[in-house]
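Engineer: Below, each chain spelled out in residue letters.
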Amino acid sequence: MILFSIVLIAWLVLRPSITATRGGKMLAFVALLIFPALAGGMGVNRHIERSKTTNFCLSCHVMEDYGKSLRVDDRSFVPATHFQYNLVPRDQACYTCHTDYTMYGDVSAKLRGLKHVYAYYLGTPSRPIKLYQPYNNRECLRCHLGARSFEESEAHNKDPQTLSRIKANQLSCSTSECHNVIHNVGQLKEATFWKEQGK
Amino acid sequence: MNKRPTKIERRIRLAGILLIGGLLVELVTLRWGRPTAFLFFLLPGGALMASGIVVYLISLVSAENKPSPE
Chain A
915 MILFSIVLIA
925 WLVLRPSITA
935 TRGGKMLAFV
945 ALLIFPALAG
955 GMGVNRHIER
965 SKTTNFCLSC
975 HVMEDYGKSL
985 RVDDRSFVPA
995 THFQYNLVPR
1005 DQACYTCHTD
1015 YTMYGDVSAK
1025 LRGLKHVYAY
1035 YLGTPSRPIK
1045 LYQPYNNREC
1055 LRCHLGARSF
1065 EESEAHNKDP
1075 QTLSRIKANQ
1085 LSCSTSECHN
1095 VIHNVGQLKE
1105 ATFWKEQGK
Chain B
12 MNKRPTKIER
22 RIRLAGILLI
32 GGLLVELVTL
42 RWGRPTAFLF
52 FLLPGGALMA
62 SGIVVYLISL
72 VSAENKPSPE
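Order-wise, the sequence lines are chains A and B. Take 915 as the starting number for the first sequence in this note's numbering and just add one per residue. Take 12 as the starting number for the second sequence in this note's numbering and just add one per residue.
These are computed hints drawn from the structure, not numbers from a lab. The structure presented is a predicted model; accordingly, all values stated were derived computationally and were not measured. A few of these clues could be false.
Simulated pairs of lysine-lysine, BS3-like, Cα-Cα distance not exceeding 27 Å [to be verified]: (1) LYS966(A) x LYS1029(A); (2) LYS18(B) x LYS939(A); (3) LYS939(A) x LYS14(B); (4) LYS966(A) x LYS1072(A).
Based on the sequences and whatever the hints tell you, model everything.
Structural biologist: Encoded structure:
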């Protein structure tokens, strides 16, 4: 599409006189307006889709340890379990858990991404990396809500209030001593790592 | 016999050059997997494409189809 547009535009640049004819005017309209607008839109879409991939997130040096934490051979590490057991798509592992499942969640995630690029190249990324706000249970419940393992779990039903408090985000999944081993990059030195077969 | 380009033709040529520049930037950034690729795509690439389209639209609305003076 891009190459075809370039060829058409180059032809118009070399022979602009063809725009004097009716066919030439139509060609110019398509080549100079429709095709570039389409190519631009498709380019934005392609860049946004690529920015959702795990490889893209881990291409920044500061994310290296977070990438390693996905391969820790310990089921208590929540992201590692999700990654290794395909509970999230591996090629979009970061994006799946770190986007807000709200109407403009994707947009705000991408705007935050631009801020990260700025901090990475022109500023100083915070060490250790911190979330902008406490992790919302909504992001967990997007998949777990209604699942038998979640709804009927003994721990979730010990106290009749627990389940409703989790669903209302009053009792955090990740900071209430239940699933609190997240990336824990400080423990990576002692950790053993899962080696994916065939890789 | 060489005819001098009209104003619209010169603007179309300029629009074309800007658009080719923008599309080339897009082509390069799509093959580049780093986060900076999007910024390059958006800033120089987007600016070139947008200005190319604007120049073309201006050529449509303000063109006098006469040869330009030398």
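Engineer: Work down the list of hints and note, for each, if the structure agrees.
Structural biologist: Do the hints match the structure? See the list:
1. LYS966(A) x LYS1029(A): Distance ~15 Å between LYS966(A) and LYS1029(A) Cα, so the pair holds.
2. LYS18(B) x LYS939(A): Holds, at roughly 15 Å.
3. LYS939(A) x LYS14(B): 19 Å, holds
4. LYS966(A) x LYS1072(A): 38 Å, violated
Of the numbered hints listed earlier, the single one contradicted by the structure is hint 4.
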